[in-house]
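Residue numbers (the numbering used here), protein chains in the order written: chain U, 1 to 251; chain D, 252 to 528; chain W, 529 to 843.
Since the hints were derived computationally from the structure, they do not count as laboratory data.
Positions of the beta carbon are idealized from the N, C-alpha and C atoms, including for glycine.
Wrong hints could be hidden among the right ones.
Unchecked claim - If you only want the chain U side, here are some residues facing chain D, beta carbon under 7 Å, derived:
#1 S165
#2 A169
#3 A173
#4 L197
#5 G198
#6 H202
#7 A240
#8 G243
#9 F244
#10 S245
Said to hold, decoys possible - Cross-link-like lysine-lysine pairs, in silico, DSS-like; alpha carbons within 30 Å at most:
#11 U:K211 - D:K509
#12 D:K350 - U:K242
#13 D:K350 - D:K454
#14 D:K350 - U:K19
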Amino acid sequence: MTIRIENLSVTFDGFHALKSVSIAVDKGESFGLVGESGSGKSTLLRAVAGLAPVSAGTIEVNGEALLGNRRSRAFRRAVQMVFQDPYASLHPRQTVDRQLLEPLAIHGIGDGERRILKALDEVGLGSSFRFRYPHQLSGGQRQRVAIARALIVEPEILLLDEPTSALDASVQAEVLNLLEEVRGRHGLTYVMVSHDLGVVTHMCGRLAVMKSGEVVETLAATDLAGGRMVSDYSRRLMVASKGFSREVAPV
Amino acid sequence: MTPLLTVGNLSVTYPTRTGIIEAVRGVSFELGRERLGIVGESGSGKSQTGRAIMGLTPPPGIVRADALSFSGVDLLAATPSTWRDMRGSRLAMILQDPKFSLNPVMTIGRQITETLRHHENVSKREARHRALEMLEAVQISDPERVFSLYPHEVSGGMGQRAMIAMMLVCGPELLIADEPTSALDVTVQLEVLGILDRLVRDKGMGLIFISHDLRLVSSFCDRVLVMYAGRIVEELATADLGGATHPYTRGLLDCTPKIGESRHPLPVLERRKEWAA
Amino acid sequence: MTDPSSPAPSTAPNESWREWLLTAEPRSRNQARLGRAYVTWRRFSENRLAVTGLLIIVALILVAFFADLLAPHSATVGDLAGARLLPPGSPGFLLGTDDQGRDILSRLLVGSRITLAVVALVAIIAAPVGLLIGTVSGFAGGYVDAVLMRITDIFLAFPKLILALAFVAALGPGIENAVIAIALTSWPPYARLARAETLGVRNSDYIAAVHLMGASPTRIVIRHIMPMCLSSLIVRVTLDMAGIILTAAGLGFLGLGAQPPLPEWGTMIASGRRFILDQWWVATMPGIAILIVSLGFNLLGDGLRDALDPRGAGR
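Chain U extracted, bound-state conformation (with noise of 0.2 Å):
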């Protein structure tokens, strides 16, 4: 078991986000957290990566306790986390190279200089991207950026909090791939948050589909395609992601 949550529970400012939440993630798993916004999906994410304040429960990641938002070295080294927006993630006023350069820096790890030059290339960008600055790249260009910028520690983990949902039906496609991709050869485990069922059940084999602060239920990937659902909002998600149609439309 990688990540273990035991009835987690969050509140911000008397705002229970969380309720007694439990989740737990196998190794080399995707799992997915649907659900609308305030549903907690995020909210969870964030308190595995210690942003987010936790008032009750218990997260375990690779056996080891993560008490509060203290979180060790190592964990910050085989933890890593892809944002929504590609616009606010990567620091405007830094190159490619330096945004790179930063997590090598921190960890201490060295040949610099090859690492960003493999990840560049292991997310599709060659070494032209190296030195430009954020707003000389596009929406998709900047996921791989942030992508790359997570692969380039070596983590064991990846966090992605609505990865494509900034981006175009159609770039969201390449970079759901690179991400599978990235997986395949890695064997990382991925927590993946998304609205869209979609992207989900394409990404993921196992998902929770939380509705506010709690997980409504667990199931395989292939079970909610299959409509082996047990609860109704998780039918209702499912109705409402095949489309709008003028049959099914609310009067």
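Starting from the structure of chain U, add chains D and W where the hints point.
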């Protein structure tokens, strides 16, 4: 029947230091009282087309066209005061995020009544009555309460409904919706689309629906224009979507993951230079 | 933008330089940096007033540097017998002389050094202090923020000149103490500004990203937050330069800044005050010098504000 909107050879250019950027290059179409979708990736010029029709091209952009007329009015020659009279009353636009298009320091009700009173000579009571009616029409269950709320006090879906109410209160003939539901949750998205669909049909207005999501657009519109690099590469009725011939359109259709389908890796959209020519 | 009439050989290297600088695919760190600097410079140089401001400041620096060579007379020792209070245009004394028979032009030229030194020292002391306090306060939040900001508020609560006066009165008159006093009173606005900028970027995803990489707070503040505050700070400091010059002149005028016979511009105005009606030039000439230099800094600051605005960085 004369078309509601005629766009002939529309181009939008932006002069920059490094040369001229052609955002829209020779787009032509006609629109009746129907639902037209404009689809494309970001940078394809779809939003710029919508803005140009509304006369909202930000400076230093330059709009040129052989023809741009809306039910007999030549929009190219429209003066600022003509524009002010038209926008909101006969032409309306809904933008992606209600957070940015509603005035944060005015209650929703006041914004709707102001719009109404600006364009029509109605009494305060009448305006209030019609605003409440409109809020009800966008399926807000307690319009009285929402009427007196500020935009930050409502959810995204509610805000977008209020936005639709504000835009439709004067009964426009043409509505341009630019990614109206992209910022909303899927279930809310459906409700908003349902409301939009019903209102457009009941009031018999023309609709231009701009989105990057071809499937969404095709489920909603009668006809779709697919744009690439500022040009229309394919125009087709949504019923014939399966028979799309242009590889770009096919690519747009294929690239989204669908539930219950296993395609690894996903087909990736090709972008060829000659399509832009 | 090329001029077709000019010979090809002279434009070609020019063009290739420009291309090299503006390329979307820089091949080295330095090329990327230079390209960015070039874009900023192009934005800046489009603004004529800003360039005028820059020229004034460059001229000030050159004058200060070569003052000894440029000054026709001694700045401190005058000709009491033969050249007292000569009007501007007198032979050998372009801007006239003061009550001690000293050439006003020479005094202005040499005095530019003092002005420049005051401005530079204040900027060097006050801006980093403000930046450090502001960013730390904004990033740390909580008690640290509360304590640092209350201290800042206390300093802000006093009018700048009055506070500087109090400091100088305590430390004793003199140009060094004036500099210290002005620096001590001018950091709080910078701290406020840096804090506001910090609050704006603190919760952004790119800061969260470096935090998740395991960067220490010190590293985040110095390497990631400070660069974001820098441009607005530079603009603010430049715009404040005029105020600093005036405060220094004000202290000099009150006799608490530079002491005679140092040719500090404010002190010169003070000494010319006695005969302002009959020998107007004695007080007016340094006044004009202060005006021009202040204007130069303000124009420069305005231009920098437009050129360094990060929102325009993409274009």
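- Can you give the numbers of the hints that this structure goes against, from lowest to highest? Of the numbered hints, just 1 does not hold.
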